[in-house]
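Visitor: Chain by chain, the residues run as shown.
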Amino acid sequence: MTTALIPDTLQGALILSLIDFLLSFVVISFIGLLLTGFPLLNRLADWVTVRRVAPAPIVAAPTPSALPVDDQGIPEEDIAVIMAAISAMVGGEHRVLHIEPAQHGVGWLAAGRQAQHQSHQPPRSPMR
Amino acid sequence: MDQLPIFLHALLDQTGVIHFSLGNLVMILVGAIMIYLAISKHYEPLLLIGIGFSCIVANVPGPPDDVPGGQAISALLYVVKEGGLFHYAYEGVAKLIIPPLIFLGVGAMTDFGPMIANPKLVILGAGAHLGIFVALILAKLLGFSLAEAGAIGIIGGADGPMAIFVTMKLAPHLLGPVSVAAYSYMALMPMIQPPVMRLLTTKAERQISMADLRKVTKLEKIAFPLVIAIVVNLFFPPVAPLITMLMFGNLLKEVGVTERLAKTAAGGLMNVIILILTVAIGSTMAADKFLTWQTLQIVALGLVAFMFGTGSGVVTAKIMNLFLKVKINPLIGSAGIASVPIAARVSHIVAHEENPKNFLIYHAMGPNLAGVFGTAISGGIMLALIGVV
Chain A
719 MTTALIPDTL QGALILSLID FLLSFVVISF IGLLLTGFPL LNRLADWVTV
769 RRVAPAPIVA APTPSALPVD DQGIPEEDIA VIMAAISAMV GGEHRVLHIE
819 PAQHGVGWLA AGRQAQHQSH QPPRSPMR
Chain B
4 MDQLPIFLHA LLDQTGVIHF SLGNLVMILV GAIMIYLAIS KHYEPLLLIG
54 IGFSCIVANV PGPPDDVPGG QAISALLYVV KEGGLFHYAY EGVAKLIIPP
104 LIFLGVGAMT DFGPMIANPK LVILGAGAHL GIFVALILAK LLGFSLAEAG
154 AIGIIGGADG PMAIFVTMKL APHLLGPVSV AAYSYMALMP MIQPPVMRLL
204 TTKAERQISM ADLRKVTKLE KIAFPLVIAI VVNLFFPPVA PLITMLMFGN
254 LLKEVGVTER LAKTAAGGLM NVIILILTVA IGSTMAADKF LTWQTLQIVA
304 LGLVAFMFGT GSGVVTAKIM NLFLKVKINP LIGSAGIASV PIAARVSHIV
354 AHEENPKNFL IYHAMGPNLA GVFGTAISGG IMLALIGVV
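Chain order of the listed sequences is A and B. Each residue of the first sequence is one higher than the one before, counting from 719 in the numbering used here. Each residue of the second sequence is one higher than the one before, counting from 4 in the numbering used here.
Derived by calculation from the structure, the hints in this document are not laboratory data. Where a beta carbon is used, it is the ideal one built from N, C-alpha and C, also for glycine. You may find that some hints are simply not true.
[Unchecked claim] Facing chain A, a subset of chain B residues (Cβ under 10 Å, in silico):
id: 1; residue: ASP114
id: 2; residue: MET118
id: 3; residue: ILE135
id: 4; residue: PHE136
id: 5; residue: ILE231
[Stated by the list, open to error] With a straight-line cut-off of 20 Å between C-alpha atoms, the simulated DMTMM-like cross-links for lysine to aspartate or glutamate are:
id: 6; chain 1: B; residue 1: LYS330; chain 2: B; residue 2: GLU357
id: 7; chain 1: B; residue 1: LYS44; chain 2: B; residue 2: GLU356
id: 8; chain 1: B; residue 1: LYS224; chain 2: A; residue 2: ASP764
id: 9; chain 1: B; residue 1: LYS206; chain 2: B; residue 2: ASP114
id: 10; chain 1: B; residue 1: LYS123; chain 2: B; residue 2: GLU262
id: 11; chain 1: B; residue 1: LYS123; chain 2: B; residue 2: GLU208
id: 12; chain 1: B; residue 1: LYS218; chain 2: A; residue 2: ASP764
id: 13; chain 1: B; residue 1: LYS221; chain 2: A; residue 2: GLU795
id: 14; chain 1: B; residue 1: LYS218; chain 2: B; residue 2: ASP114
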């Protein structure tokens, strides 16, 4: 038990309330300030990670392959879009050897697979 | 045959029937209303069912105490009195063992991401605590001592464990009414807050939508409990046991390698504590102790504290809007009162009613979690200034 800093009077209650309320703002603002700096932790972690990972040996970039074999009459612009999408997904180091329309086969298996795939498709625009 | 009435009277005397009073009936009704609200309105059933049930049983008088001419005592109070099952449960509350364990569980089930993602909203965690001080001053005006007034004021912090903790330090004899008021009003937030929130905001303000928050990384979530534990232990030793356990529970959750411990703290352990706590609190609601002028004053002041806290949170958010380019919905200000996550849910529901496309829950959780710290800070400062550490 320590000595009371505030007298046990109405005036004491007013002083206590004022000090406590204002100090609460100050302290919680300090916590907010600390939290504002939290994104810096991520930058620090990124910096440490970059430094710890040994630089990858420089490998000659693979020679761009020839265009994928197109023996199915797929339009060139479709091939360009497919290549760009693959590049965006897997990066530069890849080779697309062959492009052909998917063959679903027949029967229950094909129907099930088709239903599964279509369940994820966005609804088509009525304009199409 | 002449002996029969005497025999029946003696028999009746061994039951509680002749000790039943109007006060008991009133308190049984109070307990029944709590259970009704929990079941039909889903107002914090985990708290209200236990408190309501034990309130009812505590007001069913049993035979006189085991001393000749002793006072009628309910079966529940038999298990609460020394040597009884819940005596030790109540001691756990009174000796401040249970509150830190509650905070451990709360920490293990809380995602502090919304608070980390939008630090400017933590101000609302302080702004929504005006109710503490309004109740404190009113209690002093009603003749309570400063320490008692502090314990009554902390009801407005809307944080059960913190209310118990501060009350046990400042005015242990008020533990029953303070904890009952704190937990009951927390459960009744969905009734208390919306009228105040609507009164202080315009329809346009209530319809403000808020942009998505940034994603908080795992590293930040792990750093948070460590940083806060250090800050609170450094600056607020009086309330450090509670916040330290809150942060420990949260660390168990966030590190991702102590799933078993986090699950136990937030699940099994928490459930056991809720059972003990609710019965321990409800058992203090016997009519002869609860229906006193002092208790009724405390309960009324608690309501005032909650209403002022809600209002001051909303007003703080409106003041912040004067300086912010991107406006915040002032309804999230009321969530700063603490009472996690009830107050945040109330903010979300009121906003959702105004604009069905508005989902404020994640935004409201930020000030709501900050409110826990706001209550702890207010309580810590109060303990230091009143001289009880």
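Visitor: Now tell me if each hint is right for this structure.
Guide: Status of the hints after comparison with the structure:
Hint on ASP114(B) is violated. Least Cβ distance to chain A is approximately 14 Å, over the 10 Å limit. Taking 10 Å as the C-beta contact cut-off toward chain A, the hint placing MET118(B) at the interface holds, the least distance being around 7 Å. With a cut of 10 Å, the hint placing ILE135(B) at the interface with chain A holds, because the nearest CB-to-CB distance is about 8 Å. Residue-level restraint check for PHE136(B) holds (minimum Cβ-Cβ distance to chain A is 4 Å; threshold 10 Å).
A distance limit of 10 Å between C-beta atoms decides the matter here; for ILE231(B) the minimum to chain A is near 7 Å, and the interface restraint holds. Between the alpha carbons of LYS330(B) and GLU357(B) the distance comes to roughly 17 Å, so the proposed pair stays at or under 20 Å and holds. A C-alpha spacing of about 17 Å is found between LYS44(B) and GLU356(B), which places the hinted pair at or below 20 Å, so the restraint holds. Restraint check for LYS224(B) and ASP764(A): the C-alpha separation of about 16 Å stays at or below 20 Å, so the hint holds.
A C-alpha spacing of about 30 Å is found between LYS206(B) and ASP114(B), which places the hinted pair above 20 Å, so the restraint is violated. With a CA separation close to 31 Å, the supplied pair LYS123(B) and GLU262(B) exceeds the 20 Å bound. Distance restraint check for LYS123(B) and GLU208(B): the Cα-Cα separation of roughly 19 Å lies within the 20 Å cut-off, and the hinted pair is therefore satisfied. This hinted pair checks out: LYS218(B) and ASP764(A) have alpha carbons roughly 16 Å apart, not beyond 20 Å.
Proximity of LYS221(B) to GLU795(A) is assessed by CA-CA distance (about 42 Å); at most 20 Å being required, the pair is judged violated. With a C-alpha separation of about 12 Å, the suggested pairing of LYS218(B) with ASP114(B) holds against the 20 Å cut-off.
Violated hints, listed in ascending order, are 1, 9, 10, 13; each of the other numbered hints is respected by the structure.
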